[in-house]
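Chains R and Y, in that order, give the protein sequences. Residues in the first sequence are numbered from 1 upward in steps of one, following the working numbering. Residues in the second sequence are numbered from 114 upward in steps of one, following the working numbering.
Be aware that a few hints might be false.
[Said to hold, decoys possible] A few chain R residues facing chain Y, derived, Cβ under 7 Å:
1. Tyr-31
2. Gly-42
3. Leu-45
4. Pro-61
5. Phe-104
6. Thr-111
7. Val-112
[Claimed, not checked] Every beta carbon over 12 Å from chain Y, so not counted as near; a handful from chain R, in silico:
8. Thr-15
9. Met-22
10. Ser-30
11. Asp-38
12. Leu-39
13. Ala-50
14. Glu-59
15. Tyr-64
16. Ser-67
17. Asn-73
18. Leu-78
19. Ser-84
20. Thr-98
21. Thr-101
22. Leu-113
Hints are computed from structural coordinates only; laboratory data are not their basis. A quick note: this is a predicted structure, and the numbers were derived from the prediction, not measured. Note that beta-carbon positions come from the ideal geometry of N, C-alpha and C, so glycine has one too.
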Amino acid sequence: DAGITQSPRYKITETGRQVTLMCHQTWSHSYMFWYRQDLGHGLRLIYYSAAADITDKGEVPDGYVVSRSKTENFPLTLESATRSQTSVYFCASIGRNTPDTQYFGPGTRLTVL
Amino acid sequence: KNEVEQSPQNLTAQEGEFITINCSYSVGISALHWLQQHPGGGIVSLFMLSSGKKKHGRLIATINIQEKHSSLHITASHPRDSAVYICAVLPGGSRLTFGEGTQLTVNP
């Protein structure tokens, strides 16, 4: 289906484990973003990517790693999960031809025990 | 102090009321976005503004660049408008900075 998807939608893991959250978009949008949403903070940018093989840190990058080997995929990895990384994670994308609109994925609710 | 401040944080209205949500920001921006987050968590873009006013159905967004202020208005509010409304600014490039959101509840 066309659009932007995230997987898994829900994940429970333990402190210290590696977790990868997947984001896939079918529009060939150039820009992709990872945000986390926490009560009291709103949405905060973790990492973003302007194109394949180009990534940059956002506001809260510590403890996260991203890659973008293909335009359509932008996985986010928590190398050693901590309880403070319990959050809802949103992926988003913007196309060069539609810069007015940022399209959001459905979100992944991650709990780190 | 956050770069983007929204008010009120919570708003309860009766169906049919005119609603205003405010957003103030402290940085220079190239554009401002209004987003809607549904009770199920999904987020959709409503407007992007760089000046003036935009209207879509019962939703109206205005921005005053000099005052660093934007408002989102909902006319003839309906329970299905109940959601979190988020203001986000674009200081430059493609990186948005978000307000914490306004929780709107419209009662029938």
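Self-check item: Numbered hints the structure breaks, given as an ascending list
Solution: Failing hints, ascending: 4, 6, 7, 10, 11, 12, 13, 14, 20 and 21.
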